[in-house]
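Order-wise, the sequence lines are chains S and G.
Each residue of the first sequence is one higher than the one before, starting from 1 at the first, in the numbering used here.
Each residue of the second sequence is one higher than the one before, starting from 1 at the first, in the numbering used here.
You may find that some hints are simply not true.
Taking lysine-lysine pairs in the DSS-like style, the calculated list, with each CA pair at most 25 Å apart, reads [said to hold, decoys possible]:
1) Lys-35(S) with Lys-63(S)
2) Lys-296(S) with Lys-452(S)
3) Lys-45(G) with Lys-229(S)
4) Lys-63(S) with Lys-124(S)
5) Lys-241(S) with Lys-35(S)
6) Lys-296(S) with Lys-124(S)
7) Lys-241(S) with Lys-45(G)
8) Lys-427(S) with Lys-45(G)
9) Lys-294(S) with Lys-124(S)
10) Lys-236(S) with Lys-218(S)
11) Lys-241(S) with Lys-253(S)
12) Lys-45(G) with Lys-218(S)
Some, not all, of what chain S presents toward chain G, calculated at C-beta under 7 Å [as the list claims (entries may be wrong)]:
13) Gly-157
14) Arg-159
15) His-223
16) Gln-232
17) Phe-239
18) Leu-455
Distance windows between CB atoms, simulated [stated by the list, open to error]:
19) Ala-38(G) with Gln-232(S): 16 to 22 Å
20) Arg-87(S) with Ala-38(G): 41 to 47 Å
21) Arg-150(S) with Leu-44(G): 20 to 26 Å
22) Trp-48(G) with Lys-241(S): 50 to 56 Å
23) Arg-207(S) with Leu-44(G): 23 to 29 Å
24) Ile-40(G) with Arg-51(S): 31 to 37 Å
Worth flagging that the hints you see were computed from the coordinates, not collected in a lab.
For every residue, glycine included, the Cβ atom is placed at its ideal position computed from N, Cα and C.
Each chain, letter by letter, is given below.
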Amino acid sequence: MSTSPEYRPEGGSFRDRNSRVYVVDGRIVRGLSRKALEAFDALTATAFYQRAVSDGHVVPTWKMAPEDVPLNEHARGQWEGFLEHERIQPVTYAYEWTFSMLKAAAGLTLDLLESALEEDFTLKDATPYNIQFRHGQPVLIDIPSFEHLRPGSPWVGYRQFCEMFLFPLMLHSYRGLDFQPLLRAGIDGIDVQQASRMLHGRDRFRRGVMSHVWLQSKLVARHGGTERKVGQDLEKAGFNKALIQANVRRLRKLVSRLEGSDDITEWGNYAEMHNYSAEDHQRKEAFVEACLAKAKPGMTWDVGSNDGQFSRIAARHSQQVLALDVDHSSLERLYCQEDRPDNILPLLHNVLDPSPNWGWRLRERRDLPHRAPPDLLLCLAVIHHVVITGHVPLDDFVDWLAEITPAVVIEFVDRSDDRVQALLRNKADEYEDYDHDAFRLSLQRYFTIESKLTLDSGRRHLFYARQPDRS
Amino acid sequence: MKKFLVTMCALLVCPPALAYLDPGTGSMLLQVLLGGVAAIGVALKLYWHRFTSFFQRGKSATGNDPGE
């Protein structure tokens, strides 16, 4: 029997044999085996789970009546029962998060584990792919990760916690290394041997490195080939829950002490460093506000958001704003702002090197347009970076806009602007296509220009454009 | 304390088999060492078993690795 595409399980949910996720008409449905269903029933009776639900630390989840399950017979027959989860949009990945976002996700994982242990439950997985940001706060989405703790058993998720959370955080904090490209390069995170090679020399004396990195790498190398059943040995030797609890408490303390290593970057004080007058800035803000108020988009991408000044305007008129930038410091500052509206999510995203489709069958992790297609793209003072720094032909850039979004608010920065001149300073100028009129004509191949504003300086032009055949 | 346990661990290592490595094994053992004072009894018991079985195995080992 063939499986129609809408009943195909989500590409990233294949690892757990006891559960599988389906997305049907925007609803998130999870099939459970008998074992997982029994574990869920036991879980919902615990105080820690009920507390986690009321505190918003796990995704809102409920059991489905059989007649409500929107799957075909084939899919329904594979599972003993079904849960429905509240849909979180967008799904994001750790290689798009800032340091503080990964740290918050690590903290939540350990907090949930610690409270679960009190009632003899454990978390069998410890991966940031199981954590998402809902209203700006991390939540656990993989409820079947909770299972009964087997007496005498160690925490099976410990190594995964190290590879997916602890090592990336340590590398950023202790070495100033970007963890995002490493997590995008390895779907299972940073292997302990790799981490040990990167955290060497004096780093070994930093908090937690000697034990969680160096010693673990030695033990893994030396005992990886043992024929003994170490789990049984540990049980016989009297391994118990108190040891896991002690380790989790230490890990929690370690994670909470790790600090970001960002320096002030070129973009760090963007708000003060733009090169146009306060009046022009106000006119630009008013133009963006008016366009967004008219468009009322569900999903807005603010490409080149910096620390989110225009994302905040967009957030007043959008259901969700993704503040996308290549600069970690700016996004980190935005994430840490206490008054950040909870519908703004900062994400590291480079349009020239975006998150790909990858993993098993290239469906395990998806690109951003697949996860969160924009209704409107805000693209202020970005085009010169893409065309001149990124060497993308102007028409190609507009083709991409037309492919990705039905509406755009875009700023064209003239080549006479000193920012553009700075980019051209040490380059052969092969960018004849980088021209205001050429841009307008290129845009009109797909879009209808609804409104336009040229700032008083005459060097910056703002367009609000929509594709007439795409709502 | 940790250094003592590390030394014990290092002294009692068996050479890794060339077959399939299970990285989870080393991480499990580490969790004993990370348990601190509460883990002393477990570590001693665990490594005593490994210590005695090391010699028992030495007497009976054939040296053949089943490999694949």
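The hints, checked one at a time:
1. Lys-35(S) with Lys-63(S): holds (15 Å)
2. Lys-296(S) with Lys-452(S): holds (18 Å)
3. Lys-45(G) with Lys-229(S): holds (15 Å)
4. Lys-63(S) with Lys-124(S): Between Lys-63(S) and Lys-124(S) the Cα gap is close to 21 Å, so the pair holds against 25 Å.
5. Lys-241(S) with Lys-35(S): OK: Lys-241(S) and Lys-35(S) at ~22 Å, within 25 Å.
6. Lys-296(S) with Lys-124(S): violated (42 Å)
7. Lys-241(S) with Lys-45(G): Satisfied, since the Cα-Cα distance of roughly 17 Å is no more than 25 Å.
8. Lys-427(S) with Lys-45(G): Given that 25 Å is the threshold and the Cα spacing comes to 69 Å, the pair is violated.
9. Lys-294(S) with Lys-124(S): violated (47 Å)
10. Lys-236(S) with Lys-218(S): Between Lys-236(S) and Lys-218(S) the Cα gap is close to 24 Å, so the pair holds against 25 Å.
11. Lys-241(S) with Lys-253(S): holds (18 Å)
12. Lys-45(G) with Lys-218(S): The hint holds at about 21 Å.
13. Gly-157: violated (10 Å)
14. Arg-159: holds (4 Å)
15. His-223: holds (4 Å)
16. Gln-232: Violated, about 11 Å.
17. Phe-239: With a closest approach of 5 Å, the Phe-239(S) hint holds.
18. Leu-455: With Cβ-Cβ at 58 Å, over 7 Å, it is violated.
19. Ala-38(G) with Gln-232(S): 16 to 22 Å: holds (21 Å)
20. Arg-87(S) with Ala-38(G): 41 to 47 Å: At roughly 43 Å between Cβ atoms, Ala-38(G) and Arg-87(S) fall inside 41 to 47 Å, so the hint holds.
21. Arg-150(S) with Leu-44(G): 20 to 26 Å: holds (23 Å)
22. Trp-48(G) with Lys-241(S): 50 to 56 Å: With a Cβ separation near 22 Å, Trp-48(G) and Lys-241(S) fall outside 50 to 56 Å, so the hint is violated.
23. Arg-207(S) with Leu-44(G): 23 to 29 Å: holds (27 Å)
24. Ile-40(G) with Arg-51(S): 31 to 37 Å: Given about 33 Å between the Cβ atoms, the range holds.
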